[in-house]
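Modelling step: build the complete structure from the supplied sequences, incorporating the hints.
Protein sequence lines, in the order shown, are assigned to chains U and C.
Take any residue in the first sequence, count from 1 to its spot, add 84: that is its number in our numbering.
Take any residue in the second sequence, count from 1 to its spot, add 115: that is its number in our numbering.
Among the hints, a few may not be true.
Pair by pair, the computed Cβ-Cβ distance ranges are [to be verified]:
no.: 1; chain 1: C; residue 1: Gly171; chain 2: U; residue 2: Val474; range: 41 to 51 Å
no.: 2; chain 1: C; residue 1: Asp140; chain 2: U; residue 2: Glu95; range: 44 to 54 Å
no.: 3; chain 1: U; residue 1: Ala443; chain 2: C; residue 2: Ala187; range: 42 to 52 Å
no.: 4; chain 1: C; residue 1: Arg145; chain 2: U; residue 2: Asp750; range: 15 to 25 Å
no.: 5; chain 1: U; residue 1: Pro692; chain 2: C; residue 2: Asp140; range: 29 to 39 Å
no.: 6; chain 1: C; residue 1: Arg145; chain 2: U; residue 2: Glu94; range: 52 to 62 Å
no.: 7; chain 1: U; residue 1: Glu436; chain 2: C; residue 2: Glu192; range: 36 to 46 Å
no.: 8; chain 1: U; residue 1: Arg530; chain 2: C; residue 2: Arg145; range: 41 to 51 Å
no.: 9; chain 1: C; residue 1: Gly171; chain 2: U; residue 2: Glu94; range: 43 to 53 Å
no.: 10; chain 1: U; residue 1: Pro198; chain 2: C; residue 2: Arg145; range: 56 to 66 Å
no.: 11; chain 1: U; residue 1: Ile407; chain 2: C; residue 2: Ile147; range: 19 to 29 Å
no.: 12; chain 1: C; residue 1: Leu242; chain 2: U; residue 2: Pro692; range: 36 to 46 Å
Reference excerpt, derived from the structure (chain U facing chain C, CB under 8 Å, subset only) [as the list claims (entries may be wrong)]:
no.: 13; residue: Gln643
no.: 14; residue: Ala745
no.: 15; residue: Val753
no.: 16; residue: Ala754
Just a few of them, taken from the derived set where beta-carbon distance is under 8 Å, the chain U residues facing chain C [claimed, not checked]:
no.: 17; residue: Leu689
no.: 18; residue: Tyr691
no.: 19; residue: Asn735
no.: 20; residue: Leu755
Note that these hints are calculated values from the structure, not bench results.
Quick reminder that beta carbons are idealized off the backbone N, C-alpha and C, glycines included.
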Amino acid sequence: MAGIRVVFFEECDEHLGELENGLIAIQEGDRDPETINIIFRAVHSIKGGASIFGLEALVGFAHTFENLLTKVRSGEKALDEAVIKTCLKAADVLADLVREANGGAAVEDGKADPLVSTLTALSSGSSAGAEEAEEEDPELAALQFQPVSVSFAELDVAAPKTLAIRFKPGLAMYAKANDAILILQELSRYGEVKAAVNTDALPLLDGLDPREGYLTWHISLLTTQHPSLVREVFEFVENDCELEISEAETIAPIAAPPPPVIEAPPTAPPVSFAPAPAPAPVGPVEAAPVPNQPQTQGSIRVDLDRVDRMIDLVSELVINQSILVQRLAGERFNGQAEVSAALEDLDKLTREIQDSVMAIRAQPVKAVFQRMSRLVREVEAVTRKPVRLVTEGDATEVDRTVIERLSDPLTHMIRNAIDHGIEPPEKRAAAGKPAMGTVKIAAAHRGGRIIIEVSDDGAGINRERVREKAVERGVIGAEDRLTDEETDNLIFAAGFSTADQVSDISGRGVGMDVVRSGVQALGGRITVTSVQGQGSTFTLSLPLTLAVMDGMLVQVGDQGMVVPLTALVESFQVAPGDVTRLGVETTFLHLRGANVPLLDLGAMLGYPRGEDEDGRHVALLVEDDSGQRAALLVNDILGQQQVVIKSLEANYREVPGVAAATILGDGRVALILDVNAILSRRRRVCAEPKAA
Amino acid sequence: MTEQSPIALRELISFKVAAQEYCVDIMSVREIRGWTPATPLPSAASFVRGVINLRGAVLPVVDMAARLGMAASEPTERHVIVVVWIEGQLVGLLVDAVCDILAVAPEGLQPTPDLASSEVQSFVEALLNVDGRMIGLIDLSSLLPPQQTQAA
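What follows is the structure in structure tokens.
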């Protein structure tokens, strides 16, 4: 049961995601009936699952929510702004309730109740009063409630009638893990249910197919609901069973006269539920229709550990494969066509396996982006700045580990964008901007990395204030001259906050510092550009996966070393005449008319120089994330290679200038160069004499 | 040697470092393997020999001779790496040879005398006398200095 519960909560997350998506689409003007259906189904599925586990609070709320959606779906209720807003709020509360049911923090009492009344009011059909029932003022809400119940009474008096339902589940319905009893229970929410089972079709035991459905239920339902709504109870099974629903007031074998229904749409548990007599008489046969054929299933759920284990194994396979290739290349097999053809195939296959395994872990960034829209709503409510969130490229796929760790930095950045970036509506109006601010998150693949941009159309970074603060806090000296870009990036310094008032939302200036370290821990970089009065854009550049990368294997001193291909612009031979020395330390390289700093990588890393000093004429032109270029002098270029990234921190610690390690074909460890760190270290060294 | 030890005995593995003998608790030893060339790390402490590949994991190797303040080892094929578990990390100790497995009662462990240089004292936890040999018990937790400041 615990296992099923886990699956239930996983599914809930998916449903909540669909719900959120659908609602946002609707908010943006989507009126496709299918979108509303998706929303409805998501809520309905959560409710259905929750009732299995007896999660009453969740079921109750989902049911109320569902009622409103039912009205919307049938067109009885227009999708106006009040309804959409309420639905969005309800989706948030539903998510909270799911979390609570899953052992998370309890939902504050006050949060769900007013919403339940709003939902009920809205779904009762009187849109005039209901829209304002959303207001928090209890007095007002009470006032608005009056007309609601009146209008409903009118509706009800006309309605109650008996529906005769014949329901015969087929094999396919059981095979999809649907259970007749749950449907009967669901029916009871719509009114009084009397059900009788017909076992005539039941064969003798030797002729019995345990998976087949032999039972037919005759149900009479006393309800105020329209038959089409009742039919929806059977929505998921309709194609897999025989179903007849007819209005049959006279035939109905109900003794008692229909009691007047005063209650608004049934939010409460069933008034009376006559237990379906099905299971008892059938005895041992009843246990038989066990659903065990998930034949139509398009996906499976796999424990993450298993996937990770597989990825580890594939990584080892890749290493082993390249060891094999190197060993064979050096042996007598060298040059034998069959061997090298087979090796090439093996190489292709291992790469393909690796890609497919990585693809298992790849997920669209949508999962994180979705969560952000809720965040925006919450921050919007606190700051009272109307903001809309625009997402772009949310189908961009990236490794699951990256996704998981993306959430925190994004949360910080979006909070900051709204809190510090977007101006209050009055100021926006004065600046001639639309009152509603826009925060945009966009994702795209670029050069083997994923680039995520968070931009706002706010005031931009106030460079003077940033500068003032930085001087005040001793981050920079009063005399230091900084470019605009450098000034903007000061906001990533520790202990920095430029909002005039420290607010609850973006905290005390720990935000951007935390963001930067979080991003760096992922092997990513973050930069900011800002235009005064027009907004700021934060750009995150992250690796697609944390496990494998393409690199250029070079020899530095007597060591092999890997330069990430993403940082490499080109490699070339250095002619002695191209090099200019300035003093002792500094060398420049003329490259097609430009001068780039030339760095001796061996000397910087402390690797002994090769014996043949004049022979070292190979350089790599590299570029860091901010576009700074430098040429790195190396002994030799050994070739391009895909390498498996191995952490140095796991057993050791961070090493400056080194991003990680990898294991080469010969089994030795090679270090992966951190180009950004190398170049910034170089820049620091250069900057010092200037500052002095 | 497994059955004979009463409860209180502590089992230690002893090894040779430049003609001296040291030991570590057997419980922290994961495996013992032959020397393979290590990849040096930039701006690492002098006693960190570099990193090697331990079946797919990157393992730092500490040159015990250098750590104890003696001349760095000139490793040959006969040198040995003792892989130990230190507070959640695997670390290789480069030593000349593994000698013995010792079972010692707590009384057999004598505190390191104050005269020892403070650096050695900081990670030689105790001394024991076995058959006339003096053996230093290494305190693994202080073998690697805490996240050292980067050499600028």
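**Study point:** Whether the CB-CB distance between U:Glu436 and C:Glu192 falls inside 36 to 46 Å
**Key:** 39 Å, holds
**Study point:** Hint status (Cβ of U:Ala745 to nearest Cβ of chain C, threshold 8 Å)
**Key:** 5 Å, holds
Review point. Can the hint on U:Leu755 be confirmed by a CB-to-CB distance to chain C that is less than 8 Å?
Key: Holds - the Cβ of U:Leu755 comes within 8 Å of chain C, reaching about 7 Å at its closest.
Check your understanding: At a threshold of 8 Å, is the proposed contact between U:Asn735 and chain C supported by beta-carbon distances?
Key -> 5 Å, holds
Review point. Holds or violated: is the Cβ of U:Ala754 closer than 8 Å to a Cβ in chain C?
Key: Because about 6 Å separates U:Ala754 from the closest Cβ in chain C, which is inside the 8 Å limit, the hint holds.
Check your understanding: Can the hint on U:Gln643 be confirmed by a CB-to-CB distance to chain C that is less than 8 Å?
Key -> 6 Å, holds
Exercise for review: Mind checking the hinted window 19 to 29 Å against the Cβ distance between U:Ile407 and C:Ile147?
Suggested key: For C:Ile147 against U:Ile407, whose Cβ atoms are near 23 Å apart, the range 19 to 29 Å holds.
**Study point:** Range hint 15 to 25 Å (beta carbons of C:Arg145 and U:Asp750) holds or violated
**Key:** Because 24 Å falls inside the window, the suggested range holds.
Exercise for review: Indicate whether the distance between the beta carbons of U:Arg530 and C:Arg145 respects the range 41 to 51 Å.
Suggested key: 43 Å, holds
**Study point:** Status of the given 41 to 51 Å range, CB of U:Val474 versus CB of C:Gly171
**Key:** 44 Å, holds
Practice item. Take the C-beta atom of U:Ala443 and the C-beta atom of C:Ala187, compute their distance, and say whether it sits inside 42 to 52 Å. Key: For U:Ala443 and C:Ala187 the Cβ distance comes to about 47 Å; the hint holds.
**Study point:** C-beta pair C:Arg145, U:Glu94: status relative to the range 52 to 62 Å that was hinted
**Key:** 37 Å, violated
Consistency with the previously given hints fails for numbers 6, 9, ordered from lowest to highest.
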